[in-house]
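Engineer: Using UniProt numbering, the first residue of the sequence shown is number 1, and each one after it goes up by one.
If you are wondering where the hints come from, they were derived from the structure by calculation, not from laboratory data.
All figures in this text were calculated on a predicted structure; none of them were measured in a lab.
Heads up, some of the hints might be wrong.
The calculated DMTMM-like cross-link candidates involving lysine to aspartate or glutamate, where the alpha carbons are at most 20 Å apart (straight line), are [unchecked claim]:
1. Lys132 <-> Glu121
2. Lys350 <-> Asp421
3. Lys165 <-> Glu109
4. Lys165 <-> Glu197
5. Lys358 <-> Asp392
6. Lys347 <-> Glu401
7. Lys306 <-> Asp259
8. Lys218 <-> Glu182
9. Lys132 <-> Glu18
10. Lys355 <-> Glu401
11. Lys321 <-> Glu109
12. Lys97 <-> Glu18
13. Lys231 <-> Asp421
14. Lys219 <-> Glu401
15. Lys302 <-> Glu416
16. Lys316 <-> Glu394
17. Lys47 <-> Glu18
18. Lys219 <-> Glu182
19. Lys218 <-> Glu109
20. Lys224 <-> Glu394
21. Lys139 <-> Glu178
22. Lys224 <-> Asp392
23. Lys231 <-> Glu413
24. Lys231 <-> Glu280
25. Lys321 <-> Glu90
26. Lys347 <-> Glu301
27. Lys6 <-> Glu68
28. Lys317 <-> Glu90
29. Lys221 <-> Glu18
30. Lys231 <-> Glu416
31. Lys119 <-> Glu109
32. Lys13 <-> Glu73
33. Lys350 <-> Glu423
34. Lys218 <-> Glu136
35. Lys358 <-> Glu416
36. Lys317 <-> Glu280
37. Lys84 <-> Glu73
38. Lys260 <-> Asp380
39. Lys139 <-> Asp89
40. Lys344 <-> Asp392
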Amino acid sequence: MVNLHKWLEFAQKNGAQEVELFYEHTSNNNIKVYQQNVESLTSATAKGLGVRTFVNNGMGFAYTSNLEPDAIEMIIKESIENAKICPHDEYNGLPEKQAYNPIPNIYNEQYSQIEPSKKIELLLQMEDQASKYQHEISKVVQTSFADQVTEITLLNSNGFQGNFKSNYCYSGLYVAAERNGEMQTGGGVTYGRHINELMINRAIEDACDTAIVLLGGKKVKSQKAPIVFDKKVGMMFLYVLSNSLYAESVQKGRSLFKDKLNKMVASPDVSIVDDGLYAEGLATSPFDGEGVPSNSTQLVEKGILKAYMYDTYTAKKDGVKSTGNASRSYRSTPSLSTTNFYMKNGKFSKDDIIKSVKNGFYVMEVSGLVTGGANPINGDFSVGATGRWIVDGEFTTAVREVTIAGNLMTMMENIELVGNDMEIIPMMGSYGSPTFKVNELTISGT
Numbered sequence: 001m002v003n004l005h006k007w008l009e010f011a012q013k014n015g016a017q018e019v020e021l022f023y024e025h026t027s028n029n030n031i032k033v034y035q036q037n038v039e040s041l042t043s044a045t046a047k048g049l050g051v052r053t054f055v056n057n058g059m060g061f062a063y064t065s066n067l068e069p070d071a072i073e074m075i076i077k078e079s080i081e082n083a084k085i086c087p088h089d090e091y092n093g094l095p096e097k098q099a100y101n102p103i104p105n106i107y108n109e110q111y112s113q114i115e116p117s118k119k120i121e122l123l124l125q126m127e128d129q130a131s132k133y134q135h136e137i138s139k140v141v142q143t144s145f146a147d148q149v150t151e152i153t154l155l156n157s158n159g160f161q162g163n164f165k166s167n168y169c170y171s172g173l174y175v176a177a178e179r180n181g182e183m184q185t186g187g188g189v190t191y192g193r194h195i196n197e198l199m200i201n202r203a204i205e206d207a208c209d210t211a212i213v214l215l216g217g218k219k220v221k222s223q224k225a226p227i228v229f230d231k232k233v234g235m236m237f238l239y240v241l242s243n244s245l246y247a248e249s250v251q252k253g254r255s256l257f258k259d260k261l262n263k264m265v266a267s268p269d270v271s272i273v274d275d276g277l278y279a280e281g282l283a284t285s286p287f288d289g290e291g292v293p294s295n296s297t298q299l300v301e302k303g304i305l306k307a308y309m310y311d312t313y314t315a316k317k318d319g320v321k322s323t324g325n326a327s328r329s330y331r332s333t334p335s336l337s338t339t340n341f342y343m344k345n346g347k348f349s350k351d352d353i354i355k356s357v358k359n360g361f362y363v364m365e366v367s368g369l370v371t372g373g374a375n376p377i378n379g380d381f382s383v384g385a386t387g388r389w390i391v392d393g394e395f396t397t398a399v400r401e402v403t404i405a406g407n408l409m410t411m412m413e414n415i416e417l418v419g420n421d422m423e424i425i426p427m428m429g430s431y432g433s434p435t436f437k438v439n440e441l442t443i444s445g446t
């Protein structure tokens, strides 16, 4: 382990007015199996040191994966020189020192004892079970496992010193189902901090059931109708919305929520939280990438916009406190990011929500939403959608090759029912959503 105190003093003696040292050590494994054979198995370990220095409100940064004294000395000097020539900005600087509380159970001490053979055995079991699920399952396209162990140590010249270790693992699969020459696919994933926590049977059911129920899909007539979003799709909409809740987006005029603070922006049934302390979240940590204690930030409460997400820089601009939303690796400076971002549970079961629909669309998959299908400034969106049609509260035919369109703000305002099945899904970070119903969106079909 690098003696960070020694190098902090070195930076100060060489002209840095403020200093931050960020040490990171990560190890990860990735395994894929196909047709009961290991297709790939990779392991990687990375460690390094990132140095931020400030001189007259100019910020400099440099990093290295070489932790020999000569290399560390060089990056500190480079960081200081960068700080001297970078533009001075009155909002640059380190956060004030704040005490943080350690968070139990974000690192499973027993995880390191699990041999790779156990992880492979798990995948082979998943693939075998999925292939035998129902006769329509024609192929298990991919079964994969990934894990990561991370240790962070942060020290700065304002007196902050912190360390934590965390880990996670997850396993997922994609399957194909066939009927009468038609093929559909489905995916499932499960995560935890130990392989004993992985719910592989449910992941298999999610993947296989999705692929099977989408067989025989067809277009529906173009119309306006109620929409029920599966929680995986809801999570993707929240991912898009989260960018507009960054203070930086608001300050630059690139947010749907500019000038909306303390105003109604959603249905009273909608509450959205960014929770860096969430026990079951994969982005849970005692402090953020700047040493600010992690928080649970109520962003939208019963439809009212209550807060934005801040790091130290954007907080200084608005004269408020950071919400603990700075994220980084040793290779980068801090930037705004969500932690565990989710819509809170409502009071309705998924079945209750489906039964409430007389004639509408249950959306199970969307395409293009996170790759340009939604305008982050005006909120308009148009995306491909696949799912099942609902008549009198019952599923009827599968639906495909249709487009749903609307406006994110209007959609949030028109959420009628919120489910009680919220789950964090590790697909694009740590986002979660319950099933929810929107009273009307435009469907383009035939």
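Engineer: Hint by hint, say whether it matches the structure.
Structural biologist: Now the hints, each set against the structure:
Taken as a hint, the lysine 132 and glutamate 121 pair is honoured in the structure, with Cα atoms around 17 Å apart against an allowance of 20 Å. The suggested pairing of lysine 350 with aspartate 421 holds, with an alpha-carbon distance near 7 Å, which does not exceed 20 Å. Of the supplied pair hints, the one linking lysine 165 and glutamate 109 holds, its CA atoms being roughly 10 Å apart against a limit of 20 Å. Between lysine 165 and glutamate 197 the CA atoms are separated by roughly 19 Å; this keeps the pair inside 20 Å, and the hint holds.
For the suggested pair lysine 358 and aspartate 392, the alpha carbons sit about 4 Å apart, so the restraint of at most 20 Å is met. Our distance criterion of 20 Å between C-alpha atoms is broken by lysine 347 and glutamate 401, whose separation comes to about 32 Å. Restraint check: the Cα-Cα separation between lysine 306 and aspartate 259 comes to about 12 Å, which is no more than 20 Å; the hinted pair holds. For the given pair, lysine 218 sits about 12 Å from glutamate 182 by alpha-carbon distance, which is consistent with the 20 Å threshold.
Among the hinted pairs, lysine 132 with glutamate 18 is inconsistent with the structure: their alpha-carbon atoms are about 61 Å apart, more than 20 Å. Simply put, lysine 355 and glutamate 401 have alpha-carbon atoms about 24 Å apart, too far for the 20 Å limit, and the pair is violated. In summary, the hint linking lysine 321 to glutamate 109 is not supported, as the alpha carbons are separated by about 34 Å, beyond the 20 Å threshold. For the hint pairing lysine 97 with glutamate 18, the CA-to-CA distance comes to about 13 Å; that is within 20 Å, so the pair holds.
Annotation: proposed proximity of lysine 231 to aspartate 421 holds, straight-line Cα distance about 8 Å (limit 20 Å). For the proposed pair lysine 219 and glutamate 401, the alpha carbon gap of about 6 Å is at most 20 Å, so the pair holds. Between lysine 302 and glutamate 416 the CA atoms are separated by roughly 13 Å; this keeps the pair inside 20 Å, and the hint holds. Proposed proximity of lysine 316 and glutamate 394 is contradicted: the alpha carbons are some 52 Å apart, above 20 Å.
As the CA atoms of lysine 47 and glutamate 18 are separated by approximately 23 Å, the hinted pair breaks the 20 Å bound. Between lysine 219 and glutamate 182, the direct Cα distance comes to roughly 15 Å. Compliance with the 20 Å bound is thereby established for this hinted pair. Between lysine 218 and glutamate 109, the direct Cα distance comes to roughly 50 Å. Violation of the 20 Å bound is thereby established for this hinted pair. Under the criterion of a C-alpha separation no larger than 20 Å, the hint pairing lysine 224 with glutamate 394 is consistent with the structure, at around 19 Å.
Only pairs whose Cα atoms come within 20 Å are accepted, and lysine 139 paired with glutamate 178 is accepted, the gap being roughly 9 Å. With a CA separation close to 17 Å, the supplied pair lysine 224 and aspartate 392 stays within the 20 Å bound. Between lysine 231 and glutamate 413 the alpha-carbon distance is near 18 Å, which keeps this suggested pair within the 20 Å criterion. At roughly 17 Å between alpha-carbon atoms, lysine 231 and glutamate 280 fall within 20 Å of each other, so this suggested pair holds.
The straight-line distance between the Cα atoms of lysine 321 and glutamate 90 is roughly 16 Å, inside the 20 Å bound, and the hint therefore holds. Note on lysine 347 and glutamate 301: the hinted pairing holds, with a Cα-Cα distance of about 15 Å set against a maximum of 20 Å. Of the pairs offered as hints, the one joining lysine 6 and glutamate 68 holds, with about 13 Å between alpha carbons and a cut-off of 20 Å not exceeded. Of the pairs offered as hints, the one joining lysine 317 and glutamate 90 holds, with about 9 Å between alpha carbons and a cut-off of 20 Å not exceeded.
Pair hint lysine 221 plus glutamate 18 does not hold up; C-alpha atoms about 63 Å apart against a cutoff of 20 Å. Distance hint between lysine 231 and glutamate 416 is fulfilled; the C-alpha atoms sit about 15 Å from each other, no more than 20 Å. Note on lysine 119 and glutamate 109: the hinted pairing holds, with a Cα-Cα distance of about 17 Å set against a maximum of 20 Å. Restraint check for lysine 13 and glutamate 73: satisfied, since their Cα atoms lie roughly 12 Å apart, inside the 20 Å limit.
Using a Cα cut-off of 20 Å, the hinted pair lysine 350 and glutamate 423 holds, with the two alpha carbons roughly 13 Å apart. With a C-alpha separation of about 18 Å, the suggested pairing of lysine 218 with glutamate 136 holds against the 20 Å cut-off. A C-alpha spacing of about 14 Å is found between lysine 358 and glutamate 416, which places the hinted pair at or below 20 Å, so the restraint holds. For a cut-off of 20 Å, the pair hint linking lysine 317 to glutamate 280 is broken: about 32 Å separates their Cα positions.
Taking the CA atoms of lysine 84 and glutamate 73, the gap is near 17 Å; set against the 20 Å cutoff, the hint holds. Under the criterion of a C-alpha separation no larger than 20 Å, the hint pairing lysine 260 with aspartate 380 is consistent with the structure, at around 18 Å. Between lysine 139 and aspartate 89 the CA atoms are separated by roughly 57 Å; this puts the pair beyond 20 Å, and the hint is violated. Between lysine 344 and aspartate 392, the direct Cα distance comes to roughly 27 Å. Violation of the 20 Å bound is thereby established for this hinted pair.
The structure fails to meet hints 6, 9, 10, 11, 16, 17, 19, 29, 36, 39, 40 from the earlier list, while all remaining hints are met.
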